[in-house]
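**Q** The listed protein sequences correspond, in order, to chains W and Y. The first sequence: position 81 = 81 (the numbering used here), numbered continuously. Here the numbering used here runs 326 ahead of the position in the second sequence, where the first position is 1.
It is worth saying that the hints were derived from the structure and are not from the lab. Keep in mind that a hint or two might mislead.
[Said to hold, decoys possible] Covered stretches of chain W, as calculated for chain Y (at least 3 residues, CB under 8 Å):
| hint | region |
| --- | --- |
| 1 | 224 to 235 |
| 2 | 267 to 275 |
[To be verified] Over the 12 Å line for every Cβ pair with chain W, so calculated as not near, a few chain Y residues:
| hint | residue |
| --- | --- |
| 3 | R345 |
| 4 | S508 |
| 5 | R512 |
| 6 | G540 |
| 7 | N557 |
Every value quoted in this text rests on a predicted model; they were computed, and no experiment measured them. For every residue, glycine included, the Cβ atom is placed at its ideal position computed from N, Cα and C.
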Amino acid sequence: MPSRRRALLVLLSLASLAAASMVAALAAGSLALPPGDVLAALAGSDNVAHAVVFDLRLPRALAAFACGGLLALAGALMQVLLRNPLADPYVLGISGGAGVGALAAMLLGLAGLAVPGFAFVGALAAMLLVFGLAHGDGSWTQTRLLLTGVVVAAGCGALVALILTLAPDQKIHGMLFWLMGDLSQAVNPLPALGVLVVALLAAIPFARELNLLARGADHALALGVAVPTLRRIIYVVASLATAVAVTTAGSVGFIGLIVPHLVRLAVGNDQRLLLPASVLAGGSLLVLADTAARTVVAPIQLPVGILTALIGVPVFLTLLGRSART
Amino acid sequence: MILQARHLAVSIGPHQVCRDLDLTLAAGERLAILGKNGAGKSTLLSTLAGLRAADSGELFVDGLSYADLGLRDAARIRGWLGQDHSDPFASTVLEAVLTGRHPHLSRWSWESPSDARIARAALADMRLADMEDREVRTLSGGERQRVAIAALLAQQTRLCLLDEPLAHLDLNHQIATLELLSLRARRDGIAIAMVLHDPNFALRFCDRALLLFGDGTYLAGPVADVLDEANLTRLYGHPLRRLATADFSQTAFVPE
Numbered sequence: 001m002p003s004r005r006r007a008l009l010v011l012l013s014l015a016s017l018a019a020a021s022m023v024a025a026l027a028a029g030s031l032a033l034p035p036g037d038v039l040a041a042l043a044g045s046d047n048v049a050h051a052v053v054f055d056l057r058l059p060r061a062l063a064a065f066a067c068g069g070l071l072a073l074a075g076a077l078m079q080v081l082l083r084n085p086l087a088d089p090y091v092l093g094i095s096g097g098a099g100v101g102a103l104a105a106m107l108l109g110l111a112g113l114a115v116p117g118f119a120f121v122g123a124l125a126a127m128l129l130v131f132g133l134a135h136g137d138g139s140w141t142q143t144r145l146l147l148t149g150v151v152v153a154a155g156c157g158a159l160v161a162l163i164l165t166l167a168p169d170q171k172i173h174g175m176l177f178w179l180m181g182d183l184s185q186a187v188n189p190l191p192a193l194g195v196l197v198v199a200l201l202a203a204i205p206f207a208r209e210l211n212l213l214a215r216g217a218d219h220a221l222a223l224g225v226a227v228p229t230l231r232r233i234i235y236v237v238a239s240l241a242t243a244v245a246v247t248t249a250g251s252v253g254f255i256g257l258i259v260p261h262l263v264r265l266a267v268g269n270d271q272r273l274l275l276p277a278s279v280l281a282g283g284s285l286l287v288l289a290d291t292a293a294r295t296v297v298a299p300i301q302l303p304v305g306i307l308t309a310l311i312g313v314p315v316f317l318t319l320l321g322r323s324a325r326t
Numbered sequence: 327m328i329l330q331a332r333h334l335a336v337s338i339g340p341h342q343v344c345r346d347l348d349l350t351l352a353a354g355e356r357l358a359i360l361g362k363n364g365a366g367k368s369t370l371l372s373t374l375a376g377l378r379a380a381d382s383g384e385l386f387v388d389g390l391s392y393a394d395l396g397l398r399d400a401a402r403i404r405g406w407l408g409q410d411h412s413d414p415f416a417s418t419v420l421e422a423v424l425t426g427r428h429p430h431l432s433r434w435s436w437e438s439p440s441d442a443r444i445a446r447a448a449l450a451d452m453r454l455a456d457m458e459d460r461e462v463r464t465l466s467g468g469e470r471q472r473v474a475i476a477a478l479l480a481q482q483t484r485l486c487l488l489d490e491p492l493a494h495l496d497l498n499h500q501i502a503t504l505e506l507l508s509l510r511a512r513r514d515g516i517a518i519a520m521v522l523h524d525p526n527f528a529l530r531f532c533d534r535a536l537l538l539f540g541d542g543t544y545l546a547g548p549v550a551d552v553l554d555e556a557n558l559t560r561l562y563g564h565p566l567r568r569l570a571t572a573d574f575s576q577t578a579f580v581p582e
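Using the sequences and the hints given, assemble the complete structure.
**A** What follows is the structure, given as structure tokens:
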């Protein structure tokens with residue numbers, strides 16, 4: 001029996017996990033700080049610790065949290081929209097479009113905000129393309145949407161491969177980092193955090209209707225859910241969340257696929273709890289993964305996408321094995 | 327009249343389900359919809375439920391069209407049981423039945439203890455009282471079907487449209503379900519239209535029958551008038567005979 005009190009308890013414990021992951025992210029690094037000193041460093045000024053924590057680690061940790069939350073939210077929404085537990089934020093080609101945009105900017109020698117700018121335009125173009133094509137005959141079935149998305153993603157993959165082939169050697173390193181997911185370029189976390197809040201606030205009012213949509217479109221329609229409108233809202237929210245996440249951090253893999261499943265196993269599939277819980281869990285996981293990515297083989301920084309995939313693959317396979325047995 | 331159809335024409339793809347269908351359903355009435363596979367029984371039922379549009383004609387629920395009612399108000403008057411109960415995600419039996427309470431809840435409210443009481447009563451009616459914590463994907467086909475019917479009962483609508491409510495049920499639960507629906511019709515005045523495959527059940531548990539012949543023509547009327555050897559033989563394309571028990575207390579249609 002779903003209840004508000006249980007939901008609040010789960011969200012409170014996940015919020016503490018998020019806070020703990022932030023402290024770990026602020027404390028760890030070449031200048032190691034005990035957790036107690038982190039607050040002092042944040043509060044104080046004019047010292048090295050303040051500069052390191054406030055100017056370097058905090059923006060990066062917040063960006064990681066926002067991207068992890070956005071990807072987990074988009075993944076949970078896509079899984080309901082497509083009624084497919086294997087759906088993730090990238091399945092409909094959004095990250096492919098962003099990848100084409102970002103790599104094209106790098107190939108043209110553009111720098112700074114041009115790369116995320118092009119990535120965002122690419123993501124939006126892919127989103128509108130899939131939306132337009134899948135909507136063709138007005139029926140908007142989930143199979144048609146999924147097929148259209150997968151085909152557009154494959155087309156984007158070919159363009160990405162083409163750009164990598166054409167690119168001069170010295171640019172390939174940066175391109176590969178972008179494709180694997182990398183937070184070292186994330187300087188301003190505020191847009192992603194803002195979009196995370198807006199996307200969650202846009203999705204939460206429809207959470208109970210999403211529970212019904214997950215059980216079947218006709219079933220939901222007979223229970224009074226405006227299914228076509230709801231699908232459009234969910235598609236736009238999930239796509240924009242994905243676009244902002246990949247614009248900020250590149251194509252970080254697996255967060256959007258496994259976090260909703262982890263949360264689902266722990267707390268069930270009630271979207272009223274699943275959506276905010278996925279945001280907190282996804283954010284915390286990416287903060288921890290990014291902290292590990294910049295410390296385990298320091299001074300070398302790994303792309304965070306490598307660590308989320310290395311953690312994500314065994315966790316996901318274990319989950320899949322468990323669900324096959326029950 | 328809870329349900330009223332006037333000059334309704336329904337088709338799916340190139341197939342004409344019915345032309346010029348006039349149908350009314352009053353409180354407490356039970357209607358059986360019979361026909362061959364592919365005759366369009368489900369298509370007609372979902373049209374009557376407002377889930378798809380008719381080609382032409384008028385359809386009123388409680389005197390209003392579905393467009394005038396709106397989705398939410400319609401869902402508080404009319405319940406629909408579909409054939410497909412696939413569950414891509416895990417959920418408990420109780421959660422599945424509580425979905426029936428959705429149209430009665432406002433956007434921000436959560437299921438209250440009284441909603442839970444209604445859901446548990448529906449589970450008990452479907453003889454599932456001890457299964458509320460089971461995961462729906464571990465249920466048998468018949469148990470899953472009874473959970474879906476329980477969700478429909480929890481919706482507490484005055485019009486129930488059921489597409490093959492007896493699918494996957496054993497004989498015991500087939501009779502129990504039909505008796506429960508008849509009791510609801512008699513006691514609470516619920517109007518029921520259901521797709522059935524057994525003319526004997528239609529004869530015993532329904533007041534009226536609608537025969538869809540699959541070519542756009544139909545026959546509707548009291549079961550005693552409509553269900554006879556000639557009509558059923560034409561309906562199913564297979565000869566049927568009516569047999570009676572020795573004391574003539576019960577009769578049954580038997581395929582030859």
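**Q** Look at each hint and say if it fits the structure.
**A** Comparing the hints with the structure gives:
1. Evaluation of the coverage hint for the region 224 to 235 of chain W: fulfilled, as 3 residues show C-beta separations to chain Y shorter than 8 Å, against a requirement of three.
2. For the region 267 to 275 of chain W, the stated coverage by chain Y holds: 4 residues have a C-beta nearer than 8 Å to a C-beta of that chain, and at least 3 were required.
3. Under the 12 Å C-beta cut-off, the non-interface status given to R345 of chain Y relative to chain W holds; the minimum distance is some 25 Å.
4. Look at S508 of chain Y: its CB is around 23 Å from the nearest CB on chain W, clear of 12 Å, so calling it non-interface holds up.
5. Here R512 of chain Y stays apart from chain W, with its beta-carbon at least about 25 Å from theirs, past the 12 Å limit.
6. Look at G540 of chain Y: its CB is around 23 Å from the nearest CB on chain W, clear of 12 Å, so calling it non-interface holds up.
7. For N557 of chain Y, the shortest C-beta to C-beta distance to chain W comes to about 31 Å, beyond the 12 Å cut-off, and the non-interface label holds.
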